[in-house]
Each structure stands twice: as C-alpha cells, then as structure tokens.
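Top line first, the protein sequences correspond to chains H and W. Position one of the first sequence corresponds to residue 1 (the UniProt record's numbering), numbered consecutively onward. Position one of the second sequence corresponds to residue 1 (the UniProt record's numbering), numbered consecutively onward.
Computed list of lysine-lysine pairs in BS3-like fashion (alpha-carbon distance at most 25 Å, straight line):
id, chain 1, residue 1, chain 2, residue 2
1, H, Lys71, H, Lys7
2, H, Lys241, H, Lys381
3, H, Lys241, H, Lys71
4, H, Lys7, H, Lys89
5, W, Lys71, W, Lys7
6, W, Lys381, W, Lys241
7, W, Lys241, W, Lys71
8, W, Lys89, W, Lys7
9, H, Lys89, W, Lys113
10, W, Lys218, H, Lys113
11, W, Lys89, H, Lys113
12, W, Lys218, H, Lys162
Derived Cβ-Cβ restraints for the label pairs, each shown as a range:
id, chain 1, residue 1, chain 2, residue 2, range
13, W, Gly140, H, Gly48, 24 to 30 Å
14, H, Val188, W, Met389, 40 to 46 Å
15, W, Gln190, H, Arg308, 20 to 26 Å
16, H, Ser175, W, Gly140, 42 to 48 Å
To be clear, the hints were calculated from the coordinates, so they are not data collected in a lab. Treat the numbers as computed from the prediction; the structure is a model and nothing was measured. Where is the CB? At the ideal position from N, CA and C, for every residue including glycine.
Number of protein chains: 2
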Amino acid sequence: MEEIRVKTIVFGGDGFCGWPTALHLSARGHDIVIVDNLSRRAIDEELGAESLTPIRSIEERIAAWEEISGKRIDFARIDIAQDYEALLKLIGEYRPDSMVHFAEQRAAPYSMKSSAHKRYTVDNNTNATNNVLAAVVESGQDIHLVHLGTMGVYGYGTAGMKIPEGYLDVQVMASEDEQGNQVEPHPVEQQILYPTNPGSIYHMTKVLDQTLFAFYAKNDRLRITDLHQGIIWGTNTAETKLDERLVNRFDYDGDYGTVLNRFLMQAAVGYPLTVHGTGGQTRAFIHIQDMVRCVEIALQNPPQAGDRVKIFNQMTETHRVRDLAELICSITGARMELVPNPRQESPENDLHVTNDTFLDLGLQPTTLSEGLLLEVEETAKRYRDRADMSKIPARSLWNRTTHEGVPPSLVQTGGDQPAAATAG
Amino acid sequence: MEEIRVKTIVFGGDGFCGWPTALHLSARGHDIVIVDNLSRRAIDEELGAESLTPIRSIEERIAAWEEISGKRIDFARIDIAQDYEALLKLIGEYRPDSMVHFAEQRAAPYSMKSSAHKRYTVDNNTNATNNVLAAVVESGQDIHLVHLGTMGVYGYGTAGMKIPEGYLDVQVMASEDEQGNQVEPHPVEQQILYPTNPGSIYHMTKVLDQTLFAFYAKNDRLRITDLHQGIIWGTNTAETKLDERLVNRFDYDGDYGTVLNRFLMQAAVGYPLTVHGTGGQTRAFIHIQDMVRCVEIALQNPPQAGDRVKIFNQMTETHRVRDLAELICSITGARMELVPNPRQESPENDLHVTNDTFLDLGLQPTTLSEGLLLEVEETAKRYRDRADMSKIPARSLWNRTTHEGVPPSLVQTGGDQPAAATAG
Ligand SMILES: NC(=O)c1ccc[n+]([C@@H]2O[C@H](COP(=O)([O-])OP(=O)(O)OC[C@H]3O[C@@H](n4cnc5c(N)ncnc54)[C@H](O)[C@@H]3O)[C@@H](O)[C@H]2O)c1
Ligand SMILES: NC(=O)c1ccc[n+]([C@@H]2O[C@H](COP(=O)([O-])OP(=O)(O)OC[C@H]3O[C@@H](n4cnc5c(N)ncnc54)[C@H](O)[C@@H]3O)[C@@H](O)[C@H]2O)c1
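So here's chain H without its partners, still in its complex pose (with noise of 0.2 Å):
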C-alpha cells in the first residue's frame, strides 16, 4: 500500500511532544519541517535544569533520524509569536497541508513564577497561535491546523458531568420572543463552548487560543483542530527509541516535570515519594505513543472549511495522585510518605472526562499498569546518575496569599496540569 505523502509543518517540533510526532509522521511517510526557537532549551538553561535523558542538538536528532530512517525532516530556526515575516515566507514557499501547533510555553509553575514569567506567556503564547492564523489566512492557502491544548482549562468537571468534547449543551431561560416581545420565559436551548476555569496564567492562555481558534473558524472558514491533552506520560515512543541520538526530553524539574515524572525520579534514586495532604487530586494521563498517534489521526479527520473547531479530549486514563505513588511504589519498592497540607480547602477533586472520539476511531491506548514498569527500567533508572535532585521541588508561588511558602500541591501538580483545585 503506497502511502500518500502529505507535508506537514511541526511547530515547536524540538520540544517534549513536537519532536515524537515529527517522527512519527516522517515514518509514516509525511514531508516534515520542524519549526521551534528553541526557546525551551534556553528555559532549561535558565532553570538550570536539564532533560535526565541526554538529548541531542536539534541538528544532531535530524541527522541521525535521516541515518537511520532515510527520511529527511527540515529545521527553521523561527520565533513564531515575533516573526511573522519569516513565518508567513515559510507557507508561502513550503505550502503545507497541515500543520501541527506544539510552540507554546506550557508549565503552569513557570507560567506563575513572576511578573515576568506570566507576561511571556501570554505573549509568548497567544502571538504565536495568532501568527500562525492569521498567516494561514494571508496565504490564501486552505490547511488543516491541529492544536495542542489542555484539558486544565475546565473547572467545572466537578459538578457532576463528564467534561465533554468541547462543546455544551445549555438551556436558557428566555423572556422574549424572536421578534423582541415580551413573553412567559421559556427554556431555549443552546450550544456553547464548554465553559471554562482555569487555574494558572499557562491554562489561561489555552482559553485565549480557544476563543482565537472560534474566531477564524467561523469569520475565515479556517479548518481547526483543538486537542485537549490530558497530562503526558512516558518519554519515548517506537522511532525515538531506534538510536539513542533520537532520545526524547525527561522533564523532573519543580517546573516542566510531572507528579509522574517526578515521583519516577524520587522512586529511581530511592527517596520516599512525597504525597501531600491526602494526594486526592484526580488527573486525566495519556501514554507518549498514543499522543502521536492521536495526532495522525486528528490529521487524517480534519474538518470542512466552515465547520466549527473540532474539539478532542486526547487521554485515555484518570488517577489520583496518591494512587499513582502507590503504582510507582509497588513497582519499584519505594516508601510513600503523606506530609500534611497546611491550606484549608479539600484537596479532593474529581474528573470525568469523555473521549469516545480517538476511541471510536482506532485509539489501542497504552495502560499506565502495563507501561510504567518499562519507564522506571529504560528512563528513571538508567538515567539516575544525571539527576539533580535539588530541582524536584517546585518553587513558584501562585499568588499573594500563598505566603507561607510553597503550596505543597503544586509540588506535587507541576507541569501541564489543571491547577484550578489547588491554586490558592
């Protein structure tokens, strides 16, 4: 079966998830480019922190996969969110027929640091997604955007419905007629994007892009796709485990880790893992190789010029936080140790999430139970030596009131995660 050759653009496609899918769709027989400013190598140096998995040079991972794969993947060096010129050059010239939007700061703790942090996000994040739409727009050109959100923009999965896939339906209570007339109020019912609550200035930003993505939907017929991705698990998938020069970023900082990566860290080095107040925090997890391969698919089921933004919840599993430590203890044997929460509020929050849609279409998701084992084997533990564990506790405050020091669950929360339960 020949393979139709599609050419895409990866926009942040040197970063944690970027990077995956521009492997992914270069072996199934996508032209690449890879677009990123490497911006989230220079925050690595900022932090100082670093991947625990030696990753290469952007140069060096292209090369190497053309050694291995003889497919060859195009790099441009562009800031999307400031240079538009060279942004709008590049679809001019390449005319892709898809692109896959990656190239946004997306820690919520480093989104909360400082005056000067929040700033660069919402610059850094909302220019980036209206460059990219508005220069689809001024090319003329008729291509299918997919976008990586977050599922951390919702708040209100915990009044008793399952988080739908975008979109609400709600009744409203009307007192007038279509014409304007006065009338018995009567419930009229409504379709709206799915209301939204989030929790840091990152998960903000994500509600920026939603109302960007509704707008050139609907005023420019663009074709949209808006994946809210549950927290990412896992590092490598089936191409960047051919050749170690190909290994993908593991993040275990205070900032761009995960509780898992984390407590994966803590466990590998034989700490405690430490839970706080009762680890009650649910959070939606989606394995690194069902991620892009949910991306291929999103990009084989694009919308029509005119539809409104197809929206996907893109995870496969929930779990309680302390659930998750208990997982990981089991596993590798470590204690788990529960510390008390000195705020007042319950840190107990359920989630429900629907996600028939990647599942009715195909989706074998990859199960934590199955997978995490391999993780601690061939990430944690065979990378422990370059860990610096000093970076594991998180340090950004998220508002004035968390004075007396660090709010212990963004400890524990970290990376791209729905902060709405916990911030103060």
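Place chain W with the ligands on chain H using the hints.
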C-alpha cells in the same frame, strides 16, 4: 461638602473616551494621571484621517485645563503594552486608588484591514491588559481597575433573551453525581460568563480581556469592573465644552467613525445618507456625558477583594440603523438613500440589553432625540469645512469571501460596533 481626594490613573486618557473621563473625574476632585502612548494620533496619520474637531496636543489640553479649572493633571507617555517597567514604576510611585483602562485599539474595521492590523490589535490589547493586571499584582497594592469592554463580544442576543450583565444562568444535564457515580441524567444549575461570539478581531480581544479579568479576580483577588459599553455618541461633555482647547475628538472616517457620526457628516455637507440593505441592524448607544458619569458611578461602587468581576452593561438606548438615519434626516432635512445589499443573509437583527445597574445607581440618560440637534449644530455643521468626505467609506475586508468589494454592512457599522451580524 468636602470631596474625598481619590488618586486615579486614566490609561488611554488622550483618546475619545479617556480625555473627557479624565476631565470629569478631575472636576470632581480626583487626582488624575493620564497615561497614553499617543498611538491613536499616529493611526490618524497612517490613515490620512483627522478628527473633525481641532483637538490640541495633550500638553496644550492639560495646560488649558489647569488654566481654566485650577486643577492639575499629570501625563506620562508610556506604551503600556510594551513598557511594563515604566508602568510598574508609575504605579509604585503614584499609588493610585483606582485605574480606568481605555488604552486599546478600538476600531473593528481597523482590526480587520490586514494581517498586520490583526496582529497589532491582538498584541496591543492583550498585552496592555495583561501588563496592567500583572503590575497591580506585582505592586502589591489594592487598586480598583475599571475597564471598558463592549457589548460586541456577544452574538447570542438574538436567541430571544436579553443580554444580561455579564453572567448567565444555565442548566446543564449531569449524568453523574458528585461522587462520580453514573446516575439518571438530571439538570444542574450553573452561572457562567455569558457566552461570546465576537464578530471582529477587535471584539475578540475584548473576549481575551474578559478571560484575563476572570482569572486575576479569582487567583489574585483583584477588584475589577468591566463595563460592556454600547456605541458612544456625542462629542463633548460639560468639561470639554469649557474652552475650545479642551474639545474632544470626533471621528468620521471609515475605520474609527461610528455610523452615527458618518451620517451626521453626510447631512452636514448636504450628501444623502447611504443606508445599505434595509438598515435593519440594531445597535446600543450611550451619550458621552452619560459614559463619563457611568465610569464615575462604577468607581464609587467597586467590588470587594475576592468578588468575581463586576460586569455592567453601559448603554441607554437601542436603535436600528435606518431609524437613526431617519432621525437625522428629520432634523437636518437630508435625504436617505437605500442602496441594495448584495449579500445573501438577512441584515435585520435585534438587540435586547439589561442595563438596570446604572439606572438603579442614579444615571439620568441623555436621549438621542434630545441631544442630536445640538450635535448637528455644535459639531457637524460647525466644523464641516474641515471634513474630508473621501474618508467616510470603510475599506476593510472582513475575510476572503468578501471579494465583491467592501462588505456593505461595514460601511454602516464602522467604529466600535458589534460586527457579528455583518461579518462574512
Ligand atoms: N506535555 C504535556 O503533558 C502536555 C499536556 C497537555 C498539553 N500539552 C501541550 O502540548 C504542547 C507541547 O508541549 P510539550 O510538553 O512538548 O512542551 P515543550 O516545552 O517540550 O515543547 C514546546 C516547544 O515549542 C517551542 N516554542 C515555544 N515557543 C515558541 C515560539 N514562539 N516559536 C517557536 N517555537 C516555540 C519550544 O522551544 C519547545 O521546543 C504545548 O502547547 C502544551 O501546552 C502538553
Ligand atoms: N468609542 C466607542 O464608541 C466605544 C464603545 C465601546 C467600547 N469602547 C472602548 O473604550 C475604550 C476607549 O475607546 P475610545 O473610543 O476612547 O478609543 P480611542 O482610540 O480614541 O482612545 C484609546 C486611547 O488609548 C491609547 N492607547 C492605545 N494603546 C495604547 C497602549 N498600548 N499604551 C498606551 N496608550 C494606548 C490611544 O493612543 C488612545 O488615546 C476602548 O477600549 C474601546 O474598546 C469604546
């Protein structure tokens, strides 16, 4: 009765709304600092357009005000979207009690002119608002922020309900109980931000603003009032009338001029008023004198720390475009010319708005039927020799599908107006 001296910063205080607001508050005993980067004057040059009224430089305006009133207003030329450090320093040194934020690019047609204009509007407005919010947090001060939003963020007003003041009670169907167990679907009541459906990039930036406000009010307990304003009409207030050097701006060009101002100019120079289609679109209006009064009322009624954003609808009457044209014709003896609307969709739309808050707080509206004659005599006719009639038509194309030329509805709407019903 001695008035309490309140320290207030007016961002965008050289603009159409900001200047009369600064004078009104100064007259009522506020200590005022105007912050403006004079970008609106630069846009006049870019467009080759000019205020019909001979507005003076900000320095001359302020000197004239001191001469006449004995009150001093300070001015700081700061681009609040770009120069955060200067903004923070000003807030730190001046220690305002409140701030009124008008400093945004506010014309829908201008925001749609080109990719560069779209990007400028998103970048300027989003960063201006986020910088102000981040600076309040960083300053550690408790400052009430009043922002000017627009009712143009809404697009659901035609479903038979009145546009409420910011929030909407909805019923959603829940199929799980609070513990996450599957139960019979049952209705759950929620209050959400009124769903938006902006019709231009400019209006969309006001949705972005709204998201920023909701976040900072929740996370940082900032006290914020967002005034969802209708189209301002009229030019001068009690204070700007005191001396010609204090005269306010009057825009009549296709980008910044409102439909009303453009009709007034057509009438003043003896042209027929061109109404496209049936002129059936309804718009909300408020006189500039009432606007400054509303801002004062909003400042006197701040939310408390921890409250959600206070949202008021700031308008006093609604009119269809053809009714406005008829009103002006009946006052001036001008003719009205209905020209066919080449677009398919029905250009009729209704608008029903709740504005109880300001009426309850004592606002006594100036009505169009009372004030319009004065506006014709004191502004349109008085300065008609300064008019450049070639500037009246709108030239912005909303999107690729409006290739027939200027979307006719735009010629009517212009300025700060809901474009939802007209955008292609
Ligand atoms: N990692 C997760 O668990 C997760 C979960 C949900 C959603 N997401 C979303 O997926 C996307 C990618 O996340 P990630 O984990 O790969 O993050 P990452 O930081 O590893 O990768 C982002 C990449 O984008 C680049 N970038 C940022 N701003 C740019 C700009 N202005 N111009 C060009 N390149 C720029 C960075 O240099 C980096 O290589 C993000 O939008 C994130 O919000 C991630
Ligand atoms: N005029 C209306 O009918 C109307 C209706 C609804 C809402 N509004 C809102 O009221 C506000 C003021 O509108 P206006 O009619 O006075 O507009 P305007 O353009 O006359 O005034 C805006 C002022 O802000 C300044 N400004 C813009 N960006 C700035 C920046 N980054 N830093 C510093 N100053 C900056 C401009 O120089 C200008 O003087 C806007 O936010 C607008 O959306 C106006």
